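K.L.:
Protein sequences appear in the order of chains A and B.
If you count by my numbering, then the first sequence holds residues 3 to 240, one letter each, in order.
If you count by my numbering, then the second sequence holds residues 785 to 1017, one letter each, in order.
Don't read these hints as lab results, they were simulated from the structure.
What you are looking at is a predicted structure, and each value in this text was computed from that prediction instead of being measured.
We put the CB at the ideal spot given by N, CA and C, even for glycine.
Treat the hints with care, since some could be wrong.
[To be verified] Computed footprint of chain A on chain B, listed as stretches where at least three residues anywhere in the stretch have a Cβ under 8 Å from a Cβ of chain A:
(1) 926-940
(2) 953-963
(3) 970-977
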Amino acid sequence: MSVRTLEVDGRIITALEGQTIFSAACDSGIHIPGLCHLGGLSDVGACRLCLVEVEGQKKLQASCLTRVAEDMVVRTKTSSLMAYRRLIVELLFVERNHICSVCVLNGACELQDLAADLGVDHVRLNPQYPKLAVDLSHERFGLDHNRCILCTRCLRVCDEVEGAHTWDVAGRGRNSTIISDLGEPWGESVSCTSCGKCVQVCPTGALFSKGKTVAEMHKDRSFLSYIVTAREKKLWIR
Amino acid sequence: MWSHPTLINNVETFANIPAIIEKGGDWFAAIGASASPGTKVFGLAGRVALAGLVEVPIGTSLRTILSEIGGGVPSGYEFKAAQTGGPAGGCIPAQYLDLPMDYDSLTGIGATMGSGGLIVMDTSSCMVDIARFFMEFCMEESCGKCIPCRAGTVQMLDILTRITCGEGAENDFPMLADLSGLLKETSLCGLGQAAPNPVLSTLRHFRSEYEAHIRERRCPAGHCRIPRVERAV
């Protein structure tokens, strides 16, 4: 594989051909925020938080989907990009009920961390807070639609890694919701293997393990890179 | 499609092809404006005597389309603006009636050719309510995949609805500008990117109507129902 050299935020970095700007920057210690991206899963470019400026391109580019090119010049932290990110996070906080103090993932939530990083400490927009269901029908896990940001990580990990494709998105626009199978309660799903990968990849408290206190609740995403690497290298134990 | 080269295009484009094959490219290029040759089909609707589909050379003025083809605005009504390009387009106020309707001229005043929709509005139409109506359409059409469009259209509709109910505030102006910028620049597809157009366009040409709703709790067109508030003397 050949190497590409590009400039990100004034720094010259090297990347492998075919690598995305997001992962190349990450490898070089340049952090780009994102909520739908997760290493090991396919990218959808839906959260729009990882948008960057690429010199010569009229439009902002989703860094999780844009491949590096030789001599590319990328800016990831301009003042307008930071303002867009703050407003996107604010939109998420008013879209559904994300009240951290009563959330199972308080202190270990990616949305909460991102708001703290970007300095979003209050909202100016009108909170919508629709009253959505909490599905507690599964024996070990729960799904609180009120905390869901529709990043579809659960859907992708279930489809691409576990191979069950239990999750899907139903409805559209603001009425979009994650459903299991054809909308049955999670506990009655025939395709779910109860592996819990969806719970581990969920960035917020939407998917959680039952019977754990807030202090015990944390999500482990390292398993994903382990599985994906093992698959690529065919490290199967007979 | 089915392992064969496939041309995917607008129906309007396909409809032009037989005539171009028959009469040649030079004939087609001679019609319309030099920068954008050819014809355009407009869906003329709203407060106009003869509504319907009209095909005109690109660059024809709105006044010609309205008065010569559309039969003008019915008596008793006064022209206020025309919405072009459908729900994600922009409006043309009366001072631009003689502007040639071509791609560059329309873009220059914040309107678009888009789908060719042409809705004529008279002075009884409230431009804030028009913006609210189109934003509601875009919100309902949003697929929900990307956050700016899914949640941004909801918030923009919320602000516009408040303004039409007489509950607007001065900081709605910067908020509408910020949300419009976000949707335009960061939405994943054309729907979200174009959704703020009616807001930007009415803010540009009819800002005084927004100001009347917010500062004086009054709808200049007399369309919005704003409850009266008894003022202490």
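K.L.:
For each hint, tell me whether it holds in the structure or not.
P.N.:
Hint-by-hint comparison with the structure:
1. 926-940: Contact hint for the segment 926-940 of chain B vs chain A: holds, 13 residues under 8 Å.
2. 953-963: holds (count 4)
3. 970-977: holds (count 3)
Every hint from the earlier list agrees with this structure, and none is contradicted.
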